[in-house]
Amino acid sequence: MAYEVSIFLENKIGHFERITSVLKEAQINIRSMAINDTANGWGILNLIVNDPKKAKKALSEKGVSVALRKVIALEMRDEAGGLDDLLMEVARAEVNFDNAVGRVITETQKAILILNVDDYAESIKKLKKQGVQIIDDQTVYGTSQ
Amino acid sequence: MTLEFWQEEFETLEKKDLQQLQLERLNKTIESACRSLFYGELYSKKKIKPGVIKDISQITELPFTTKQDLRDNFPYGFLSLPKKDIIRLHSSSGTTGNPTVIFHNRHDLDSWANLMARSLFCAGVRDTDVFQNICGYGLFTGGLGFQYGIETLGALSIPAGAGNSLRQIKLMRDYGTTAAHAIPSYLGRLYEVFEAEGLDPKKDTQLKTLVIGAEPHTDAQRKRIEEMYGVRAFNSFGLSEMNGPGVAFECTHQNGLHIWEDSYLVEIIDPETLQPVPDGEYGELVMTTLDREAMPLIRYRTRDITRIIPGECECGRTHRRIDRITGRSDDMFIIKGCNVFPMQIEGVLMKIPEVGSDYMINLETMNGADEMVVEVEVKSDWFRGDIKRLDSLSKTITRQIRDEVLAKPIVKLVEAGSIPKSEGKAIRVTDNRKNGLLN
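Top line first, the protein sequences correspond to chains A and B. Just so you know, the first sequence maps onto residues 1 to 145 in UniProt numbering. Just so you know, the second sequence maps onto residues 1 to 439 in UniProt numbering.
FYI, nobody ran anything at the bench for these hints, they're computed from the structure. None of these values were measured; they are calculated from a predicted model. Hints may be right or wrong, so weigh each one.
Output of the computed footprint for chain B on chain A, the stretches with three or more beta carbons under 8 Å from beta carbons of chain B [unchecked claim]:
1) 50 to 59
2) 65 to 77
3) 130 to 138
So the derived label-pair ranges between C-beta atoms look like this [said to hold, decoys possible]:
4) Lys170/B - Gln130/A: 32 to 42 Å
5) Arg103/A - Pro420/B: 33 to 43 Å
6) Thr396/B - Asp37/A: 51 to 61 Å
7) Asp330/B - Asp37/A: 34 to 44 Å
8) Tyr120/A - Ala220/B: 32 to 42 Å
9) Arg389/B - Ile30/A: 20 to 30 Å
10) Asn11/A - Glu195/B: 44 to 54 Å
11) Asp174/B - Ala91/A: 55 to 65 Å
Ideal placement from N, C-alpha and C gives every residue a C-beta, glycine not left out.
Whenever a hint applies, use it, and build me the whole structure from the sequences.
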């Protein structure tokens, strides 16, 4: 089961850098990132990192509002139509997701799609039934690299 | 210029006659107050009896009454008459604490309507005017208080109520409104709507008099309003504990507000030493009702900071003038016409488990309107990384604050630890509002 690191972030100068400097100090490697902005002056920063638990601990110690959220990582082909084919499968499995982030694995012809879902267990079940390949944590975090 | 009065016999009383009238009314007020639970107990303990005051200056021997006393004796502890004689109440909000409630019998409402009519007359409003009251009706005193005053004066009243700017403009144009009452910050917003509609209130309405009150404002702000609308704008002062509007009003000389001394005994005290300050010096306004039967209040500490303007007014009225309110001796502020104590907001926030203990209230002028921005920390351990949850938390806080103080805030969620920790007396409110409108 893979985790993303979700961080409450105000849209103010220097606030993002405060997060990245904590992660730098903790020697955390960021694999992918996405910011979900709201119209209210704040947003959520979602990170996939090589060591989510360590990242959370480091950020918490600095008083940052941070949470680990279960995500589902799916494999797709790194070529035209790869995402479309995968999303077709996800739709057939009737899994709905709030937000998603994609990432290429450079050393293979594969890419990863990371999904945030409301009902984690149910979604996993549906995807497995549909035969969608779920990627192991090692590959998501990229700790082998 | 001929001098005109609504009630010349009262408005131009010589000082000694006015003081004699005050003395008679004060003793009557004490007698009536003694019938209430609160004053009955307090005065018997202090051995204060009706008729004890021989000279008006002896008022300083009586104890003060505070807002807290009103809250502690909620709802009927200040009533001097049986409930069957009471015909109306007006009250502040206060879903958490006890609201401040004032009761009136028929005499009180008539007296209030008369003072309101006297006030409007002194600002130049006449029975030939079409008067639009742009103000919330209901428990808020600005609605019905003005309504009865306009009717008593004999002008044509339009009880327009608050908000809905397009409708306000339509009413003004349909009926040829010549005078209106609104809170000053709203008039800035209304002007923007005029502009957006391609209208100029100077040309496209018949407005000539605006009455502005319920919110402290500067003379610069008044001048802006006068320029925007091409009118004369008059400052109205009142507080719900003293009925509401109609306590003090500017005359056409626009140089301070005549406070109706036949109905209110006025003192200015140093809020620290509680001693009277000389005329001309700023201090806290303390008021005693002289013509209220259902619920007299004696030496009520208004918390409003003002001063007596020395000297006589050219208008011929002998009732002294107070200056515009410059502040509060407590931490109350006024936004969108609503009185707000920071503690009310704190009370709401502290009941919401997701909210941390630190918050800030920033009063800002945004797009010509005054707004209350409430910065709230979200507790780190509550954070789940879920945007929907935070959005709904933000909406919950907005709704609950609005329900409490009646003014809608702009709620801003901020990072935990980003608001300075409170050490001792924390500064919770910043007021960055512009002096004038539309800056």
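Tested hints:
{"no.": "1", "hint": "50 to 59", "in the structure": "violated (count 0)"}
{"no.": "2", "hint": "65 to 77", "in the structure": "holds (count 5)"}
{"no.": "3", "hint": "130 to 138", "in the structure": "violated (count 0)"}
{"no.": "4", "hint": "Lys170/B - Gln130/A: 32 to 42 Å", "in the structure": "violated, 60 Å"}
{"no.": "5", "hint": "Arg103/A - Pro420/B: 33 to 43 Å", "in the structure": "holds, 39 Å"}
{"no.": "6", "hint": "Thr396/B - Asp37/A: 51 to 61 Å", "in the structure": "violated, 21 Å"}
{"no.": "7", "hint": "Asp330/B - Asp37/A: 34 to 44 Å", "in the structure": "holds, 40 Å"}
{"no.": "8", "hint": "Tyr120/A - Ala220/B: 32 to 42 Å", "in the structure": "violated, 59 Å"}
{"no.": "9", "hint": "Arg389/B - Ile30/A: 20 to 30 Å", "in the structure": "holds, 24 Å"}
{"no.": "10", "hint": "Asn11/A - Glu195/B: 44 to 54 Å", "in the structure": "violated, 31 Å"}
{"no.": "11", "hint": "Asp174/B - Ala91/A: 55 to 65 Å", "in the structure": "holds, 56 Å"}
Comparing the model with each earlier hint shows violations of hints 1, 3, 4, 6, 8 and 10; every other hint is respected.
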